[in-house]
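*Asks:* The residues making up each chain are set out below.
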Amino acid sequence: MSQKQEEENPAEETGEEKQEKEGILPERAEEAKLKAKYPSLGQKPGGSDFLMKRLQKGQKYFDSGDYNMAKAKMKNKQLPSAGPDKNLVTGDHIPTPQDLPQRKSSLVTSKLAGGQVE
Amino acid sequence: MAADIISTVEFNYSGDLLATGDKGGRVVIFQREQENKSRPHSRGEYNVYSTFQSHEPEFDYLKSLEIEEKINKIRWLPQQNAAHFLLSTNDKTIKLWKISERDKRAEGYNLKDEDGRLRDPFRITALRVPILKPMDLMVEASPRRIFANAHTYHINSISVNSDHETYLSADDLRINLWHLEITDRSFNIVDIKPANMEELTEVITAAEFHPHQCNVFVYSSSKGTIRLCDMRSSALCDRHSKFFEEPEDPSSRSFFSEIISSISDVKFSHSGRYMMTRDYLSVKVWDLNMESRPVETHQVHEYLRSKLCSLYENDCIFDKFECCWNGSDSAIMTGSYNNFFRMFDRDTRRDVTLEASRESSKPRASLKPRKVCTGGKRRKDEISVDSLDFNKKILHTAWHPVDNVIAVAATNNLYIFQDKIN
Chain R
1 MSQKQEEENP AEETGEEKQE KEGILPERAE EAKLKAKYPS LGQKPGGSDF LMKRLQKGQK
61 YFDSGDYNMA KAKMKNKQLP SAGPDKNLVT GDHIPTPQDL PQRKSSLVTS KLAGGQVE
Chain Z
119 MAADIISTVE FNYSGDLLAT GDKGGRVVIF QREQENKSRP HSRGEYNVYS TFQSHEPEFD
179 YLKSLEIEEK INKIRWLPQQ NAAHFLLSTN DKTIKLWKIS ERDKRAEGYN LKDEDGRLRD
239 PFRITALRVP ILKPMDLMVE ASPRRIFANA HTYHINSISV NSDHETYLSA DDLRINLWHL
299 EITDRSFNIV DIKPANMEEL TEVITAAEFH PHQCNVFVYS SSKGTIRLCD MRSSALCDRH
359 SKFFEEPEDP SSRSFFSEII SSISDVKFSH SGRYMMTRDY LSVKVWDLNM ESRPVETHQV
419 HEYLRSKLCS LYENDCIFDK FECCWNGSDS AIMTGSYNNF FRMFDRDTRR DVTLEASRES
479 SKPRASLKPR KVCTGGKRRK DEISVDSLDF NKKILHTAWH PVDNVIAVAA TNNLYIFQDK
539 IN
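Residue numbers (the numbering used here), protein chains in the order written: chain R, 1 to 118; chain Z, 119 to 540.
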C-alpha cells in the first residue's frame with residue numbers, strides 16, 4: 001500500500017493489521033444492510049445475474065409484425081410518428097423504436113415483492 | 119443535455135491533438151496552439167480543430183436491440199503523413215476517420231462557374247488553366263473504413279498495435295483482430311463464451327496491445343484478473359501466457375468483493391514493463407514479470423467501502439473509471455466522484471486529490487488540493503463523505519504523452535490543466 005501524505009488523524013490506526021480489520025468490518029456491515037433490505041438477493045455474489053444484465057443492455061421489445069400490420073392499415077392515411085399515449089405500442093398505434101419504453105431488468109427485487117417495509 | 123456527456127478522451131501520439139467522444143456520437147478534436155511570440159500566454163492552449171458526427175443511433179430489428187451512438191473509445195493512429203487518422207467505436211461498429219486540412223482551392227475551371235454551375239459548352243471559347251488560391255483553413259473529417267458486424271456483444275476496447283497495421287477490438291466475451299485495410303473480415307483471437315450461457319461467470323472488461331511487442335496483448339475481467347496473451351503461441355489465444363491475480367483473503371470476502379474487484383481499465387506503461395489496472399476502489403501497478411500480486415496498490419477513495427450498500431442501490435458500484443500514466447511513467451491519474459480526480463506520484467509516494475469544476479478552477483490559477491473527511495471532526499476545507507455528489511463522476515482522464523498536461527472530462531465539460539511554467 002502506498003504511503004499517503006496526510007495529517008495524522010488521532011483516531012486512525014497505525015498498525016497495518018489493524019487497518020485491514022477496520023477495512024473488512026465496514027464492508028461486512030454494508031453487506032448485512034443490503035441483505036436486510038433485499039433478503040432474496042442472490043446466493044451467488046456477483047454471479048451471472050450481473051453479467052446477464054450487462055449483456056442484455058439495449059434490449060427493447062419491438063414487434064415487427066405489429067409495426068408492419070399497422071403500417072399497411074394506415075397506408076392511405078398519414079403515419080403518426082408518436083401517439084398521444086406513449087405506452088400504447090400495439091394495435092392501431094404504430095410503434096417505432098423511439099416509442100418503446102426501455103426495459104430495464106431489475107436485479108434487486110422491489111420492496112413490495114419482498115414484503116419488507118422500511 | 120445528455121448527448122453532450124463526454125464518454126472518451128484521448129491525446130494523439132504527439133499530444134498536439136486531443137479527441138473527445140460523447141454520448142451523442144460526436145467527436146470533437148482540439149489542437150494545441152503553437153508557440154507564438156505575439157501571444158505568449160496562448161502557448162499550449164487547446165482550441166477546437168474539428169467536430170464531426172461519428173456514429174448514429176441504430177435499431178437492430180432482428181434482435182430488438184437498440185444500438186447507442188455513444189462513442190466508447192477513440193484511439194489515434196501514429197501519424198504517417200499530413201493527415202491524422204483515428205479509430206472511434208460505439209457498441210457495435212468501429213470507424214476509421216481521416217482528418218485532413220485544406221488550405222487551397224482551385225479556381226478558374228473551364229466547365230463550371232465559380233459557384234459550381236455547369237457552363238454551356240458551346241459558350242466556351244477559350245481554355246484556361248485553373249490556378250490554386252489560398253483559402254481559409256478547412257478541416258475535413260471523412261470516414262475511410264467501417265468495421266462492422268463483428269461483435270455480438272458490446273465493444274468496450276480498441277487498441278492499435280505497434281505494427282501500425284492491425285488493431286484489436288474487445289467486447290464482453292470476444293476479442294477480434296483486424297487489419298486496418300480490411301473491413302470485411304476479422305480474426306477472433308479470444309473467445310470466453312461458455313457453451314451454456316448459464317455457466318457464465320466472468321466477462322472481458324478491457325484489452326490493450328503491448329506498446330512495443332506486437333504479438334502481446336492483455337485483457338482484464340470482471341473477476342479482477344488479467345490475462346496476457348502471445349499471438350505467436352496459437353491462433354486462438356484462449357489459453358493465456360500469463361495470469362495476473364492478487365490473492366484474496368477468504369475471511370474478508372463479502373457480497374461486494376467480486377463486484378468491486380472488477381477491473382474497469384487496463385493500461386500498459388509507456389516503457390512496456392508495467393501495466394496498471396483500475397478496480398472500484400483502487401489502482402494497481404503490476405510488473406509484467408510477476409503474476410502473483412501487484413507491485414503497487416493506490417487507494418482512490420477507500421472511504422467508499424462503508425457506503426457500498428447505497429452505492430449498489432444507485433448502481434454507482436458499477437461505474438467504470440479509467441486510469442492513465444504520465445509520459446515518463448512516474449505518475450498515474452484516475453477519477454473519482456464529486457468531480458474529484460486523484461494523482462499518485464510513484465517516486466515520492468505522494469498523492470493528491472484535485473477538483474475539476476468551474477467554481478474551483480479559474481484560468482491560470484493553481485488547483486487547490488481537496489480532502490475528504492471520513493469521520494469525526496470535519497476540518498474547514500474538507501468535505502464529508504455524505505456530501506459527495508455521486509452524479510459528478512470523472513470516469514475519463516488523459517495525460518499528454520510528453521508534457522504535464524492533463525485532460526479531465528467531468529460529465530459534459532472538458533478541463534485541461536497544465537503545469538505552471540515558472
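Treat each hint with caution, since some may be false.
When the alpha-carbon atoms are kept at most 27 Å apart in a straight line, the in silico DSS-like pairs for lysine-lysine are as follows [as the list claims (entries may be wrong)]: (1) R/53 - Z/188; (2) Z/511 - Z/495; (3) Z/213 - Z/438; (4) R/53 - Z/495.
Source of the hints: derived by calculation from the structure; they are not laboratory data.
*Asks:* Each of the hints needs a verdict: does it hold here or not?
*Replies:* Going through the hints against the structure:
| no. | hint | result |
| --- | --- | --- |
| 1 | R/53 - Z/188 | holds (19 Å) |
| 2 | Z/511 - Z/495 | holds (26 Å) |
| 3 | Z/213 - Z/438 | holds (23 Å) |
| 4 | R/53 - Z/495 | violated (41 Å) |
Hint compliance for this structure: hint 4 is the single one not met.
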